[in-house]
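**Q** Let chain A serve as the given structure and place chain B on it in line with the hints.
Residue numbers (the working numbering), protein chains in the order written: chain A, 1 to 104; chain B, 1 to 163.
This list has only true hints and no planted wrong ones.
In silico DSSO-like pairs for lysine-lysine, Cα to Cα no more than 30 Å straight-line:
no., chain 1, residue 1, chain 2, residue 2
1, A, Lys50, A, Lys37
2, A, Lys53, A, Lys37
3, B, Lys86, B, Lys51
4, A, Lys50, B, Lys51
5, A, Lys53, B, Lys51
6, A, Lys95, B, Lys51
7, A, Lys95, B, Lys86
Calculated from the structure, these hints are not laboratory results.
None of the values given here were measured: they were computed from a predicted structure.
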Amino acid sequence: MANGSTDGFGALSDPTRRGIFEELALRPRSVGELAEKMPVSRPAVSQHLKVLKDAGLVVDRQEGTRRVYSVDPRGVEAMRHYLDRFWDRALAAFKRAAEEEKDS
Amino acid sequence: MAATKMEAQAGSSLSREIVVEAPQERAFRVFTESFDSWWPREHHIGQSAMKQAVLEGRQGGGWYELGEDGSRCQWGTVLVWDPPRKLVLTWQITSQWQYDAAFVTEVEVRFSPEGPRRTRVVLEHRHLDRFGAAADQMRQTFSSEGGWNGLLQRFARAAEQPA
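The following block holds chain A by itself, in its conformation from the complex (with noise of 0.2 Å):
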C-alpha cells in the first residue's frame, strides 16, 4: 500500500499527472515545454514524471541539453507487466482472506 504512488492506477489518479500524460500521448516534450502547458510549476513537473517514469508509463532520452519524455512505446508491454505484478498481489490478498474467513 506504500507503493500505491508507483503503480499506474496510483500514477494516473492524480488528475495533473494524467494530463501531463495525455500530452505526452500526443507527443514528447520536455519538462520545459509541459510547464507551460500545465499550471504547475517545473519542480513540480518534474516530480509528477519521476512517478510516471516509476510506474513504467514513461520513457525518457536526453537530446543535446534538454530531456525529452514519451509514452513508453512498449505501452502493451508495459501493461501487461503491471497486471502481471497485480494480480500477483491481488491473489496473495485474496489467498489470505479466504484461509482467514472461517467456515460458516
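**A** Relative to the frame of chain A, chain B by itself:
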C-alpha cells in the same frame, strides 16, 4: 507460422494460479461476496480514495469502486456467473486508466477443488493486445483530419481568409 501464431496468442493473455487452503464454495464466496475485504485498496481509478470495491454476484452485474466522495467508477461487468466454479468479468479500464464501454478485455477465474479443503484458483486475463489497439486508435483520433489537428487546420484556414 504456427509457432508465431501461438506466441502471439500467448502474448495476448496472462495467466496466474494459486492454491488456497479453503473449500471451493468458500474460495468462490470470498472472491465475490467478500471482494472488498481483499481487493488492494490502492487500485482505484477514481480521483477520490476508494471507500469500497463492489462485485455484484449475478450475470450482468457490475464491478466497480465507490469513492470516499460518493463517486462511482465502473470497471466492467459480470459476463459469466457460475458459482462455485467459474466467474468471467470484463475489465474495461483502458491503459489511460479510464472506463471505456467500447474497450473490453476479459478476466476469467476458475475454482477447482483439489480436496475437501483445498482449491486451485486459475485467473486468466485475456485480449491484452487490445490495450495496444486502443492506444493506436487514440493516437489516430487525435492526429486525424477529424481530430484536433484537422480542426485547428480548418480554424487556421478560416482565420486566414480575408474578411
